[in-house]
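J.: Going down the list, the sequences are from chains B and P. Going by numbering that gives the first Met the number 0, the letters in the first sequence line up with residues 0 to 283, in that order. Going by numbering that gives the first Met the number 0, the letters in the second sequence line up with residues 0 to 283, in that order.
By construction, these hints were calculated from the structure, which means they are not laboratory data. One or more of the hints may lead you astray.
Which copy is meant is left open, because identical chains are indistinguishable; a pair holds if it fits in one copy or across any two.
[As the list claims (entries may be wrong)] Dumping the calculated SDA-like pairs for lysine to any residue here, alpha-carbon to alpha-carbon at most 25 angstroms:
#1 K139 to R186
#2 K22 to S54
#3 K162 to A189
#4 K22 to R256
#5 K22 to L43
#6 K215 to A198
#7 K215 to R123
#8 K22 to L52
#9 K148 to E75
#10 K215 to R186
#11 K215 to L27
#12 K22 to G55
#13 K22 to A56
#14 K22 to I53
#15 K22 to R45
There are 2 protein chains.
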Amino acid sequence: MYDIAIIGAGPAGISAALTLWAKNIPFLWFGSQSPSQKVQKAELIRNYPGLSLISGADFARRLRQQVAEAGLEIREQTVTNVFRMGETYHILCNQEEFQTRAVLLATGVESVRPIPGELEFLGRGVSYCATCDGLIYRGKTIGVICTDKGQEHEIAYLASLAKEVYLCPRYAPVEVHGDNIHVVEGRPQAVTGGEAVQAMQVAGQSYPVDGVFLLKSAISPSILVPGLAAAEGHVAVERDMSTNLPGCFAAGDCTGRPYQYAKAVGEGNVAAHTAASFLRAAGK
Amino acid sequence: MYDIAIIGAGPAGISAALTLWAKNIPFLWFGSQSPSQKVQKAELIRNYPGLSLISGADFARRLRQQVAEAGLEIREQTVTNVFRMGETYHILCNQEEFQTRAVLLATGVESVRPIPGELEFLGRGVSYCATCDGLIYRGKTIGVICTDKGQEHEIAYLASLAKEVYLCPRYAPVEVHGDNIHVVEGRPQAVTGGEAVQAMQVAGQSYPVDGVFLLKSAISPSILVPGLAAAEGHVAVERDMSTNLPGCFAAGDCTGRPYQYAKAVGEGNVAAHTAASFLRAAGK
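Given only the sequences and the hints, what does the whole structure look like? Please build it.
T.: If you want it as structure tokens, here you go:
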């Protein structure tokens, strides 16, 4: 049993991690070692106090260096589900499960909105997790919509199981190849079906499939954590960054606009303080 | 008529200023050019994302440099009162008055609590503003409790008017001198009187006075802005940093704990965004 897990390693997650570290509170930390494309592509940042006119890439480099100097470890595992049972959070990362007393969500925002049918068929043919659900589609035909190049190994895994894979890549360059991987260019439009998924629609074409995997860098928090209250498409939080679930805190872009580094960093700090108080009150 | 004034030039005020500047919104800015003692005395900061293990003094230096590079001007004037009439804020700085559509409070927190009698006698012998109320005490005997060395010129001004000045300095070294200035060592304990102030109590001694000036680096926001709602001794704010007064926003330590740079900087950023939306909606 761990005290707390941070999910996400963008500016909000890093701010929370540095604050827990400074407060000497051990934590589990899930996220990507490499900064998000969003941070890397950010142009000159003009309004981050303490760093004049810094590029997104330089800012990301500084944050990573700071994390390394503090000796903090980021687990490069995609968290696919967080659920609360009693006073414990169960955190599922593909094949592994971790238990914590508290969780701090700093998952960012998916700039890609859900496509029609995605949420409707979730669990009935739509999946966000190749490792979790891949085996269901052994010998079958699947669609894969992937927005994150970092997940190409998941595509390869799916191709090793499925008969045919229609891959709709929303990144470049595509470097996963296979006889049964058919790249489908264009914008994904919908997942359709009846009781279960029957087809994936891409750029006006319909591809008959038994299931569709959506491989993203971030899963929407309300899908990740069942029962988490949302407000206008973001995690609903109080001023102290607590959510409707006791012991669950959120910070950064996932809580809403403005999508700014300073805001993310401030919220990560506050969420860490509130989480620390929660753990203290829980007798930890 | 100006669009907006920022009051305060600590991390929250600076973050707000940089964000308004980046958004190309002109603003008035009141504050101290030199960083607060609190920032200067801060030991190593371990959890400010982007700057590893930086001292408070170095952080302050960086912030000032960034403000200078952006060409932003801080008016070294103490704001003594902000009041709202119709849709306009009137900002009083000793002898000058400015009018704005919006105001962003980043005044920090006074670590010194009000002493007994201070709030009770405010306006009945207690004053925070030498320039505003000095003339009332021409030829009379006054007490001065000063926590901010930067206000010594105000003490000199008061001494030029009053018959006798009992000065209780809460800073060092004292460099204001005069035949009628009597330095009183020790902790100020109370302001006492009946209808009006009659005495100042310091370290167990009672000094008969006609009025008491409390010269501080920051005036409590709820005293500064009549009608501003407070919560647990801080400015009550929503998630978007708006207060109960339309067009009045707050950020940083004045809105509550944690008193952390990252939190202050995040709130300054958010307050500036919300203020910008307010001005836009107001047709500016």
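J.: Compare the structure with each hint and give your call.
T.: Tested hints:
Taking CA atoms no more than 25 angstroms apart as the test, K139 paired with R186 passes inside one copy only; the shortest distance there is 23 angstroms, against 81 angstroms between copies. Taking the closest pair of Cα atoms, K22 and S54 come within 25 angstroms of each other only across two copies (17 angstroms); inside a single copy the shortest separation is 30 angstroms, beyond that limit. For the identical chains of this complex, K162 and A189 are intra-copy neighbours only, at 22 angstroms inside a copy versus 84 angstroms across copies, given an alpha-carbon limit of 25 angstroms. Taking identical chains as interchangeable, the C-alpha atoms of K22 and R256 lie at most 25 angstroms apart only when they sit on different chains, with a minimum of 15 angstroms there against 28 angstroms within one chain.
Taking the closest pair of Cα atoms, K22 and L43 come within 25 angstroms of each other only across two copies (14 angstroms); inside a single copy the shortest separation is 32 angstroms, beyond that limit. Taking the shortest Cα distances, K215 and A198 sit within 25 angstroms of each other inside one copy (20 angstroms), while across copies they are farther apart (70 angstroms). Proximity of K215 and R123 under a CA criterion of 25 angstroms is satisfied intra-copy only: 18 angstroms inside one chain copy versus 65 angstroms between copies. For a Cα distance limit of 25 angstroms, the shortest separation of K22 from L52 across copies, 14 angstroms, qualifies, whereas the shortest one inside one copy, 30 angstroms, does not.
Taking identical chains as interchangeable, the C-alpha atoms of K148 and E75 lie at most 25 angstroms apart only when both belong to the same chain, with a minimum of 14 angstroms there against 52 angstroms between chains. For a Cα distance limit of 25 angstroms, the shortest separation of K215 from R186 inside one copy, 15 angstroms, qualifies, whereas the shortest one across copies, 61 angstroms, does not. With identical chains, the CA atoms of K215 and L27 are at most 25 angstroms apart within one copy only, with a shortest distance of 22 angstroms there and 44 angstroms across copies. In this assembly of identical chains, K22 and G55 lie within 25 angstroms of each other by CA distance solely across copies; the values are 18 angstroms between and 28 angstroms within a copy.
In this assembly of identical chains, the alpha carbons of K22 and A56 lie at most 25 angstroms apart only when taken from different copies (22 angstroms versus 28 angstroms within one copy). Proximity of K22 and I53 under a CA criterion of 25 angstroms is satisfied inter-copy only: 17 angstroms between copies versus 28 angstroms inside one chain copy. Proximity of K22 and R45 under a CA criterion of 25 angstroms is satisfied inter-copy only: 10 angstroms between copies versus 30 angstroms inside one chain copy.
Of the numbered hints stated above, none is contradicted by the structure.
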